[in-house]
Amino acid sequence: MSKTNMRHAYLIIAHNEFEVLQHLLNALDDKRNDVFIHIDKKVKTHPNLHMREGRLSILKNTLEVYWGHISQIEAEYLLFETAHKNGSYAYYHLISGVHLPLYNQSYLHAFFDRLKGKDLLMKMDIPVEEVTIKVRKYNFFIKSYFSSQGSTRKISQFLWRASIRFQKIFDIIANKKETFYKASNWLSLSQKSMDYVLKEKSKVLKKYRYSFCGDEFFVPSILENMSLKSNVVYYDKLLKCDFEGGNTKTYSLANYDDIINSGCLFARKFSVQNINVVEKILTNLNSRTE
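If you read the sequence shown in our numbering, its first letter stands for residue 2, the second for the next number, and so on.
Possibly wrong hints are sitting among the right ones.
With a cut-off of at most 30 Å between alpha-carbon atoms, the simulated DSS-like pairs for lysine-lysine come out as follows [claimed, not checked]:
hint, residue 1, residue 2
1, Lys-42, Lys-270
2, Lys-135, Lys-204
3, Lys-119, Lys-200
4, Lys-61, Lys-238
5, Lys-61, Lys-117
If you're looking for bench data, these hints aren't it; they were derived computationally from the structure.
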(Lines of atoms letter the chains of each structure in order from A and count residues from 1; the text may use other names and numbers.)
(Lines give C-alpha, C1' and ligand atoms only; values in the text may rest on other atoms or scores of the structure.)
Protein backbone atom coordinates (compact mmCIF):
# COMPACT_ATOMS: atom_id res chain seq x y z
CA MET A 1 0.00 0.00 0.00
CA SER A 2 1.43 3.38 -0.98
CA LYS A 3 1.96 6.18 1.53
CA THR A 4 -0.90 8.09 -0.07
CA ASN A 5 -3.23 5.14 0.38
CA MET A 6 -2.27 4.85 4.04
CA ARG A 7 -3.71 8.30 4.68
CA HIS A 8 -7.09 8.78 6.32
CA ALA A 9 -9.62 11.49 5.52
CA TYR A 10 -11.80 12.80 8.33
CA LEU A 11 -14.97 14.44 7.06
CA ILE A 12 -16.58 16.67 9.67
CA ILE A 13 -20.06 18.18 9.67
CA ALA A 14 -20.24 21.08 12.14
CA HIS A 15 -22.60 23.90 13.05
CA ASN A 16 -21.74 24.84 16.64
CA GLU A 17 -19.55 23.94 19.65
CA PHE A 18 -16.42 25.19 17.89
CA GLU A 19 -14.25 24.94 21.02
CA VAL A 20 -15.04 21.22 21.09
CA LEU A 21 -14.30 21.08 17.36
CA GLN A 22 -10.82 22.53 17.93
CA HIS A 23 -10.18 19.90 20.61
CA LEU A 24 -11.30 17.27 18.09
CA LEU A 25 -8.86 18.67 15.52
CA ASN A 26 -6.07 18.51 18.11
CA ALA A 27 -6.85 14.82 18.60
CA LEU A 28 -6.82 14.19 14.83
CA ASP A 29 -3.68 16.26 14.24
CA ASP A 30 -1.42 13.69 12.62
CA LYS A 31 0.62 13.81 9.41
CA ARG A 32 -1.29 10.74 8.18
CA ASN A 33 -4.63 12.58 8.31
CA ASP A 34 -6.40 15.06 6.07
CA VAL A 35 -9.40 16.80 7.63
CA PHE A 36 -12.28 18.35 5.69
CA ILE A 37 -14.92 20.44 7.48
CA HIS A 38 -18.37 21.51 6.33
CA ILE A 39 -19.64 24.36 8.52
CA ASP A 40 -23.35 25.03 8.15
CA LYS A 41 -23.99 28.04 5.92
CA LYS A 42 -26.34 29.42 8.59
CA VAL A 43 -23.27 30.09 10.79
CA LYS A 44 -22.39 33.76 10.33
CA THR A 45 -19.06 33.93 12.15
CA HIS A 46 -16.61 31.15 11.43
CA PRO A 47 -14.11 30.01 14.07
CA ASN A 48 -10.36 30.21 13.64
CA LEU A 49 -9.47 26.52 13.40
CA HIS A 50 -6.00 25.09 12.98
CA MET A 51 -3.85 21.97 12.83
CA ARG A 52 -0.06 21.63 12.84
CA GLU A 53 0.69 18.17 11.43
CA GLY A 54 -2.42 17.16 9.51
CA ARG A 55 -3.85 18.97 6.51
CA LEU A 56 -6.98 21.00 7.20
CA SER A 57 -9.49 22.07 4.54
CA ILE A 58 -12.58 24.10 5.43
CA LEU A 59 -15.16 24.00 2.63
CA LYS A 60 -16.04 27.42 1.24
CA ASN A 61 -19.20 26.68 -0.72
CA THR A 62 -21.38 25.17 1.97
CA LEU A 63 -25.08 24.45 2.47
CA GLU A 64 -27.74 25.29 4.99
CA VAL A 65 -28.32 21.94 6.67
CA TYR A 66 -31.61 20.94 8.29
CA TRP A 67 -32.03 17.83 10.42
CA GLY A 68 -33.91 15.01 8.69
CA HIS A 69 -33.83 16.90 5.37
CA ILE A 70 -32.15 16.01 2.05
CA SER A 71 -29.64 18.79 2.82
CA GLN A 72 -27.92 16.38 5.22
CA ILE A 73 -27.20 13.99 2.37
CA GLU A 74 -26.15 16.86 0.10
CA ALA A 75 -23.67 18.13 2.72
CA GLU A 76 -22.23 14.64 3.11
CA TYR A 77 -21.76 14.39 -0.64
CA LEU A 78 -19.98 17.76 -0.65
CA LEU A 79 -17.49 16.36 1.84
CA PHE A 80 -17.20 13.04 0.00
CA GLU A 81 -16.48 14.76 -3.32
CA THR A 82 -14.05 17.31 -1.89
CA ALA A 83 -11.96 14.66 -0.15
CA HIS A 84 -12.17 12.25 -3.09
CA LYS A 85 -10.80 14.88 -5.48
CA ASN A 86 -7.90 15.49 -3.12
CA GLY A 87 -6.54 11.98 -3.45
CA SER A 88 -6.87 8.32 -2.58
CA TYR A 89 -7.35 7.34 1.07
CA ALA A 90 -7.31 4.12 3.04
CA TYR A 91 -10.42 5.34 4.85
CA TYR A 92 -12.95 8.15 4.85
CA HIS A 93 -14.43 8.77 8.32
CA LEU A 94 -17.64 10.79 8.50
CA ILE A 95 -18.03 12.36 11.94
CA SER A 96 -19.63 15.39 13.55
CA GLY A 97 -17.94 18.39 15.13
CA VAL A 98 -18.93 17.09 18.57
CA HIS A 99 -17.26 13.69 18.20
CA LEU A 100 -14.06 12.71 20.00
CA PRO A 101 -11.77 9.75 19.27
CA LEU A 102 -11.28 7.53 22.30
CA TYR A 103 -7.91 6.25 21.11
CA ASN A 104 -4.85 7.95 19.67
CA GLN A 105 -4.13 8.00 15.96
CA SER A 106 -1.51 5.25 16.04
CA TYR A 107 -4.06 2.89 17.58
CA LEU A 108 -6.81 3.92 15.14
CA HIS A 109 -4.60 3.58 12.05
CA ALA A 110 -3.45 0.14 13.21
CA PHE A 111 -7.07 -0.87 13.90
CA PHE A 112 -8.20 0.10 10.40
CA ASP A 113 -5.13 -1.47 8.80
CA ARG A 114 -6.28 -4.79 10.27
CA LEU A 115 -9.67 -4.37 8.59
CA LYS A 116 -7.93 -4.59 5.20
CA GLY A 117 -10.36 -2.31 3.38
CA LYS A 118 -13.60 -3.43 5.04
CA ASP A 119 -16.23 -0.73 5.64
CA LEU A 120 -17.25 -0.02 9.21
CA LEU A 121 -20.90 0.85 9.88
CA MET A 122 -23.07 0.75 12.98
CA LYS A 123 -26.38 -1.01 12.31
CA MET A 124 -29.62 0.50 13.59
CA ASP A 125 -33.02 -1.09 14.17
CA ILE A 126 -35.36 -0.64 11.23
CA PRO A 127 -39.04 -1.18 12.14
CA VAL A 128 -41.32 -1.66 9.13
CA GLU A 129 -43.40 1.39 10.04
CA GLU A 130 -40.28 3.57 10.12
CA VAL A 131 -39.29 2.47 6.61
CA THR A 132 -42.86 3.04 5.46
CA ILE A 133 -42.86 6.63 6.66
CA LYS A 134 -39.26 7.72 6.16
CA VAL A 135 -38.44 6.30 2.72
CA ARG A 136 -41.67 4.93 1.23
CA LYS A 137 -43.70 8.12 1.65
CA TYR A 138 -43.14 11.64 0.34
CA ASN A 139 -42.06 13.70 3.34
CA PHE A 140 -42.90 17.34 2.72
CA PHE A 141 -42.31 20.26 5.13
CA ILE A 142 -39.20 18.63 6.65
CA LYS A 143 -37.01 21.70 6.18
CA SER A 144 -39.00 23.60 8.81
CA TYR A 145 -40.10 20.55 10.84
CA PHE A 146 -37.70 21.48 13.67
CA SER A 147 -37.77 25.25 13.15
CA SER A 148 -36.75 27.39 16.12
CA GLN A 149 -39.88 29.44 15.42
CA GLY A 150 -42.63 27.75 17.40
CA SER A 151 -45.50 28.64 15.08
CA THR A 152 -43.57 27.59 11.96
CA ARG A 153 -42.61 24.31 13.60
CA LYS A 154 -46.18 23.51 14.66
CA ILE A 155 -47.62 24.31 11.24
CA SER A 156 -44.94 22.25 9.46
CA GLN A 157 -45.46 19.25 11.73
CA PHE A 158 -49.24 19.46 11.31
CA LEU A 159 -48.93 19.61 7.52
CA TRP A 160 -46.41 16.76 7.51
CA ARG A 161 -48.74 14.51 9.53
CA ALA A 162 -51.68 15.41 7.29
CA SER A 163 -49.63 14.61 4.19
CA ILE A 164 -48.57 11.21 5.56
CA ARG A 165 -52.17 10.36 6.47
CA PHE A 166 -53.32 11.34 2.98
CA GLN A 167 -50.70 9.07 1.38
CA LYS A 168 -51.68 6.15 3.62
CA ILE A 169 -55.38 6.56 2.82
CA PHE A 170 -54.74 6.58 -0.92
CA ASP A 171 -51.95 3.96 -0.75
CA ILE A 172 -49.31 6.25 -2.24
CA ILE A 173 -45.96 4.47 -2.06
CA ALA A 174 -42.53 5.78 -3.02
CA ASN A 175 -39.57 3.55 -3.89
CA LYS A 176 -41.77 0.45 -4.21
CA LYS A 177 -39.09 -1.84 -5.59
CA GLU A 178 -36.27 -0.77 -3.30
CA THR A 179 -34.90 -2.71 -0.34
CA PHE A 180 -33.63 -0.42 2.41
CA TYR A 181 -31.03 -0.89 5.12
CA LYS A 182 -30.31 1.43 8.01
CA ALA A 183 -27.14 2.38 9.89
CA SER A 184 -25.75 5.37 11.70
CA ASN A 185 -24.71 8.09 9.28
CA TRP A 186 -21.38 8.28 11.15
CA LEU A 187 -19.23 5.70 9.37
CA SER A 188 -15.87 4.71 7.92
CA LEU A 189 -15.65 3.80 4.23
CA SER A 190 -12.86 2.34 2.13
CA GLN A 191 -11.70 3.92 -1.11
CA LYS A 192 -13.50 1.27 -3.18
CA SER A 193 -16.82 1.87 -1.46
CA MET A 194 -16.45 5.64 -1.57
CA ASP A 195 -15.86 5.40 -5.32
CA TYR A 196 -19.16 3.56 -5.66
CA VAL A 197 -21.14 5.83 -3.34
CA LEU A 198 -20.03 8.80 -5.44
CA LYS A 199 -21.06 7.07 -8.67
CA GLU A 200 -24.54 6.66 -7.22
CA LYS A 201 -24.96 10.34 -6.29
CA SER A 202 -27.57 11.34 -8.87
CA LYS A 203 -29.69 8.27 -8.09
CA VAL A 204 -29.39 8.89 -4.35
CA LEU A 205 -30.47 12.53 -4.54
CA LYS A 206 -33.48 11.57 -6.62
CA LYS A 207 -34.47 8.56 -4.49
CA TYR A 208 -34.10 10.34 -1.14
CA ARG A 209 -35.35 13.79 -2.17
CA TYR A 210 -38.46 13.46 -0.01
CA SER A 211 -37.12 11.06 2.61
CA PHE A 212 -37.05 11.75 6.34
CA CYS A 213 -33.57 11.11 7.83
CA GLY A 214 -32.47 9.55 4.56
CA ASP A 215 -28.85 10.00 5.63
CA GLU A 216 -29.29 6.88 7.79
CA PHE A 217 -30.41 4.80 4.82
CA PHE A 218 -28.55 5.75 1.66
CA VAL A 219 -25.03 4.42 2.28
CA PRO A 220 -25.97 1.04 3.84
CA SER A 221 -28.65 0.56 1.17
CA ILE A 222 -26.14 1.23 -1.61
CA LEU A 223 -23.57 -1.18 -0.17
CA GLU A 224 -26.00 -3.94 0.83
CA ASN A 225 -27.80 -3.93 -2.52
CA MET A 226 -24.62 -4.11 -4.57
CA SER A 227 -21.65 -6.42 -4.87
CA LEU A 228 -19.98 -4.55 -2.00
CA LYS A 229 -22.17 -6.25 0.61
CA SER A 230 -19.35 -8.58 1.64
CA ASN A 231 -17.19 -5.53 2.31
CA VAL A 232 -19.45 -4.24 5.10
CA VAL A 233 -18.68 -4.90 8.76
CA TYR A 234 -21.33 -3.83 11.27
CA TYR A 235 -19.53 -2.87 14.45
CA ASP A 236 -21.40 -1.66 17.52
CA LYS A 237 -18.18 -0.30 19.03
CA LEU A 238 -17.70 2.28 16.30
CA LEU A 239 -19.43 5.02 18.31
CA LYS A 240 -20.42 5.56 21.94
CA CYS A 241 -23.65 7.54 21.75
CA ASP A 242 -26.52 7.59 24.25
CA PHE A 243 -29.96 9.15 24.21
CA GLU A 244 -32.07 11.02 26.73
CA GLY A 245 -35.71 11.71 25.95
CA GLY A 246 -35.19 11.06 22.25
CA ASN A 247 -32.22 13.45 22.00
CA THR A 248 -28.52 12.66 21.87
CA LYS A 249 -27.06 12.85 25.37
CA THR A 250 -24.36 15.44 26.04
CA TYR A 251 -21.64 13.81 28.11
CA SER A 252 -20.23 15.25 31.33
CA LEU A 253 -17.34 14.33 33.60
CA ALA A 254 -19.67 11.98 35.48
CA ASN A 255 -19.80 9.84 32.32
CA TYR A 256 -16.02 9.58 31.90
CA ASP A 257 -15.56 6.00 33.14
CA ASP A 258 -18.56 4.78 31.15
CA ILE A 259 -17.16 6.38 27.98
CA ILE A 260 -13.61 5.09 28.43
CA ASN A 261 -14.72 1.58 29.38
CA SER A 262 -17.11 1.33 26.42
CA GLY A 263 -14.42 -0.02 24.09
CA CYS A 264 -15.72 2.28 21.35
CA LEU A 265 -13.50 4.03 18.82
CA PHE A 266 -15.34 7.36 19.03
CA ALA A 267 -17.88 9.05 21.29
CA ARG A 268 -20.55 11.70 20.70
CA LYS A 269 -21.63 14.26 21.81
CA PHE A 270 -19.71 16.83 23.80
CA SER A 271 -20.21 20.48 24.69
CA VAL A 272 -18.14 23.42 25.90
CA GLN A 273 -20.43 23.48 28.93
CA ASN A 274 -18.75 20.23 29.99
CA ILE A 275 -15.32 20.89 28.52
CA ASN A 276 -13.60 19.18 31.47
CA VAL A 277 -14.63 15.72 30.22
CA VAL A 278 -13.29 16.60 26.77
CA GLU A 279 -9.96 17.67 28.23
CA LYS A 280 -9.69 14.58 30.42
CA ILE A 281 -10.38 12.21 27.52
CA LEU A 282 -7.81 13.88 25.29
CA THR A 283 -5.20 14.15 28.04
CA ASN A 284 -5.34 10.38 28.50
CA LEU A 285 -5.45 9.38 24.81
CA ASN A 286 -1.81 8.39 24.50
CA SER A 287 -1.97 6.11 27.53
CA ARG A 288 -4.78 4.01 26.02
CA THR A 289 -3.64 0.90 24.15
CA GLU A 290 -6.68 -1.39 24.50
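Which hint numbers does the structure go against, in order from smallest to largest?
When the structure is compared with the hints, numbers 4, 5 turn out to be violated.
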